[in-house]
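Protein chains in written order, with the working numbering: chain S, 1 to 399; chain X, 1001 to 1413; chain F, 2001 to 2263.
Worth flagging that the hints you see were computed from the coordinates, not collected in a lab. Computed from a prediction, not measured in an experiment: that's the story for all the values here. Fair warning: there could be bad hints in the mix.
Some, not all, of what chain F presents toward chain X, calculated at C-beta under 7 angstroms [what the hints assert, rightly or not]:
1) GLN2030
2) PRO2033
3) GLY2042
4) GLU2050
5) TYR2155
6) PRO2156
7) ALA2159
8) LEU2161
Dumping the calculated DSS-like pairs for lysine-lysine here, alpha-carbon to alpha-carbon at most 27 angstroms [what the hints assert, rightly or not]:
9) LYS311/S / LYS178/S
10) LYS2113/F / LYS1205/X
11) LYS1205/X / LYS2152/F
A virtual CB, placed ideally from N, CA and C, is assigned to each residue, including glycine.
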Amino acid sequence: MAAVPQTGNESPTRKSYDGVVACLPVTIPYRRYSTNTAHWWIGRALHELIKPAGLRPKDIDGLAVSSFTVGPDTAVGLTQHFGLSPRWLDHIPFGGASGVIALRRAARAVQAGDAHIVACVAADTNHVDSFRKTLSTFSRFAQDAVYPYGSGGANASFALITKNYMNAYGAKREDFAKLCIAQRDNALSIPHAMMKRKLTLDEYMSARPIAEPIHLFDCVMPCAGAEALLVCREDTARSFNLPAVRILSTIERHNAFAADPMQVRGGWALDADELWSMAGLRPEDVDFVQTYDDYPVISMMQLEDLGFCAKGQGPDFVRSHTFTNDGTFPHNTSGGQLSVGQAGAAGGFLGLVEAMRQLTSQPLGTQVPDARSCLVSGFGMINYDRGLSSCAAILARAA
Amino acid sequence: MTPPLVRPKRKNPFQRTRLPLSPQGVRSRTAHGLTAAAAEGRFALQVCLDCGAAVYPPRDACPSCLSARIPFRDVDSGGTLIAETTVRTSTDPYFRERTPWRVGTVRLDAGPVVVAHLHGDAVEGARVRLELKLDKSGSAVAMALPEKDTPNMADDPHLREMTCDPKFRRVLITDGRMPVGQAMAQAFSDAGAAIVFVGLAEPWKPFPGLDGLRKIERVEIVPLDVTDTESVTEQAQQNGAHIDILVNTAEHVRPGGIVDRHGLTIAREEMDVRYLGLMRLAQAFGPILRFRGADGVNSAAAFVNLLSVHALMNWPTYGSYSATEAACLSAAQCMRAELRPGGVKVVNVFFGPLETEWFQTVPPPKVAPAMLANAVVRTLRQGAEDAFVGDIAEDIRQRLAVNPKALEREMAS
Amino acid sequence: MPVPIDLLSFARAVADGDIRVIDLTQTLSQEFPTIVLPPELGQCAPFRMEEVSRYDERGPAWYWNNISLGEHTGTHFDAPIHWISGKDLPNNAVDTIDAAKFIAPACVLDCSKECAANPDFALTVPFVEQWEVRHGRIEPGSWVLLRTDWSKRSYPDYAGLRDDGAHTPGPEPTVVKWFVEERDVHGFGTETIGTDFGQGHHFNPPYPAHFYMHGKGRFGLQCLTNLDLLPPKGALIIAAPLKIKQGSGSPLRVLALVAGGTA
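Modelling step: build the complete structure from the supplied sequences, incorporating the hints.
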């Protein structure tokens, strides 16, 4: 009888994503508050998806939806709402990990012929009090074991993670500042960015504390918005004249390293080797990186866990690189959520959609020079005291 | 270092009273296993009977072996505070007006990692001990205290929010006629209450102990007859806004059963003193206590019932008394829900036979009035809401948890 | 032939004040002391009121109370059935006593000065004989009311409770027997709680006022007040208890009618 394979160390027996592409990156410009429903924002995104290729709603035969505020509906209700009749339907409730996970689900469906054109949409509205309502009912563990403790939300939870990381590896606030400041520079040319000005080190350091050591500019601004893309066969994209992006590899993991007393690493550390070997690339080969930036400490962890430096070397790596689009390590090329805002679940698609723009030379902001391949990383779902979901994808410009 | 609590100044009569708010009290059913432990001042977590793992947060299967046999058990509360933060802004109205609020991650020696409230003297990197407390919502929360007691520890404002500490609070002992009431007055005076009102009914009936009562520091005797609606109403109108803790010491103990009793006059008196008396106190004092649940350092904190443990299981030798106590217990449970919006705790202190006149022929172990009084103060300091005082009460609590029907038979034999 | 009595003129005299109505009744209130018996025995219920409504959501246009009390709470009447010695007499309960017996004249014996000096003042035959020298013989069928001014005292002094029981004035056994056998009195009334001497449980027989009065089918009145407003003789007492089925007594309104202007 064959031994049970060890996770994370197996030779690449995973099937490639040949023949499948992602195309049509769509962003519905964010607004700080919106009286519209999530349904409205999803509808805008779907509309933008079908217009350029002259598709009709019935051409969309696969749908993946990510949204926190679409209740009481789930994906099924949306099919009738939008007049879609998909033969493949998925609800991807993984927050900041939703983008890459929707991509890899849709890609396999298209590869297997279960669907031809899959719309992947993430959208959330932001009513004036929707943030508070989302917090108190986020998860059972949050309800039982987090919210009653100061109700500081994710800010408090990540403050603890940040504090512990700083204690463990000597990271300083100045190191996090460097990432935030570079991201803000990358966002200066994004029209719908929530944060519209340059950020200085002084401003970052003297910003008001939210939950020490997290201060104002470590936090994303919740807003309303939508991000979307299509997944289809390469020849389908070509037939519609749509610039496309190839998927070289993907990984996904939930509840990794449960025995770690506090989160200092995510699931990427388990699966990064497989990510690179499946793509046939090394970390130094990619031209830019989109990390999930709910808090700068998590971006730093992703740089370590995805292989750009060793565990604990994140601070050093940050000090010895520059992260603007014209820098030595272009990172979060449209500014990330920290600059643009977090439109709920759309935050999990932001990096992926921006990566697709960069790789098809249609950025909203500045272009990373010679952008041929990149890594997109996702993270999310702070269930109790740590983010449970991690994922990543290596993408390349289609020929 | 916790600064010692300063005796509060007189309330500004022109200032609006800050109204009570509640942190979120919703919990899964399983998580209320922590509430059960906190109610009795115990520290308990789920422990897997099959693999021995201690589990937190509460859940419905062991994360190590998927066994469903994970009952709550008392566990070692020691651990290390790994990381802390100070919440400065909150979307929750309760915490919003109480920031800055420290929370931290504690790694328990027993295994799990717990996000907890922090006592001001709990230091990052140092050893702590966790306690389960009932917060203002009435649900359990974990609080990390320094491993060894520190000076003025009880005065920490966030800890005081979870407890009903008598220090600087104004107390009403409803009946000072009997030894229990007198011992209660002494215990609260010793515990630093700002004033101890002691109610006396029927002043034309002398009793031993009046001189002793008058000698206790900060005691003020007030007219109060719990069998007289007008008397209770009047006392509440006069002093209700100056009472933070009410301890109902009105008692009525007589041996005798139900079938083998002759007549109803004793039962009527018993119900009038104990059950209707409780209802009068609840109606007269409840609303003002609930209103003042967030009214500063000496906010209204607790309504304390002294209940025979036989409220939980009738003792036929004192069968009518047991039934009346059971009525009081049920009323107290109702009151708990009604006073919770004010963050006021209804505290039930159960005792077995007392070392008092009407239990004279009952063999020991019995509870002396001073022991009962000290237990009440201790329970309020802990912030617990159910206490069992003395060996008999504890024994009955345990037997009830295992096999109530066997206990029923045992009480009758 | 007797002179015909004109009741209308009587009514006019009451209305005009030529016949004064003096209220001998204590207000029924929660604070008023009641008899206290040893704790092992059944106790007299104190007076209590529970408001049913007061022009509020419980009853918008009216105010009323439910009351609870014992047959012997406050100013009250004792019927012969109240005592073991009278238990078998005919018509001995409040509902069976002949209603005519609820109106009778009174002789008021003033021992207020003696009681002021001594709470254990005991009424004796010689004291009454002295009173009769001044005021004439006690007529048969009269109430004998003992004025002690005890009703003017504060409640603790009124109850007079100490380590060994109550210390309040009352009659010795001999004088009670004498009232019944030598003067054929209607009944005995006091300001104190109980018709008996406070320490009357030590007499032989214990509680002689109850024992002898009720044993001979006579009545008792207790917790009276304003006896100091009555003349030694000539007052007419109206004391009609509630018609309680087989009642042993009841709280009641005791009125004294006194003829002529101010006393």
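| Should the hint that GLY2042/F touches chain X count as held when the rule is a Cβ pair under 7 angstroms? | OK, holds: GLY2042/F within 7 angstroms of chain X, min 5 angstroms.
Given GLN2030/F was flagged as interface, is its beta-carbon under 7 angstroms from a beta-carbon of chain X?
holds, 4 angstroms
### Message
Holds or violated: the hint that GLU2050/F contacts chain X, with Cβ atoms closer than 7 angstroms.
### Response
This hint holds: GLU2050/F lies near chain X, its Cβ roughly 6 angstroms from the closest one there, short of 7 angstroms.
Against chain X, run the beta carbon of ALA2159/F and see if the smallest gap drops under 7 angstroms.
Holds: closest Cβ of chain X sits about 4 angstroms from ALA2159/F, inside 7 angstroms.
Is the interface hint for TYR2155/F satisfied, with its Cβ closer than 7 angstroms to some Cβ of chain X? Status holds, d = 4 angstroms.
Given the hinted pair LYS311/S and LYS178/S, is their Cα-Cα distance within 27 angstroms? holds, 19 angstroms
Given hint LYS1205/X paired with LYS2113/F - CA-CA distance at most 27 angstroms: Distance of about 25 angstroms is within 27 angstroms: holds.
field: Agreement of hint PRO2156/F with chain X interface, Cβ distance less than 7 angstroms
entry: Given a least distance of 4 angstroms, the restraint on PRO2156/F holds.
Practice problem: Measure nothing beyond the straight line between the CA atoms of LYS1205/X and LYS2152/F; if it is 27 angstroms or shorter, mark the hint as holding. | Solution: Roughly 18 angstroms separates the two Cα atoms, so the pair holds.
Checklist entry - Taking 7 angstroms as the limit, does the beta-carbon of LEU2161/F come near enough to a beta-carbon in chain X? => result It holds, given that the least Cβ distance between LEU2161/F and chain X is near 6 angstroms, below 7 angstroms.
Mind checking the CB of PRO2033/F against every CB in chain X and telling me if the closest is under 7 angstroms? At 5 angstroms from the nearest chain X Cβ, PRO2033/F passes the 7 angstroms test, so the hint holds.
Comparing the model with each numbered hint stated earlier shows that all of them hold.
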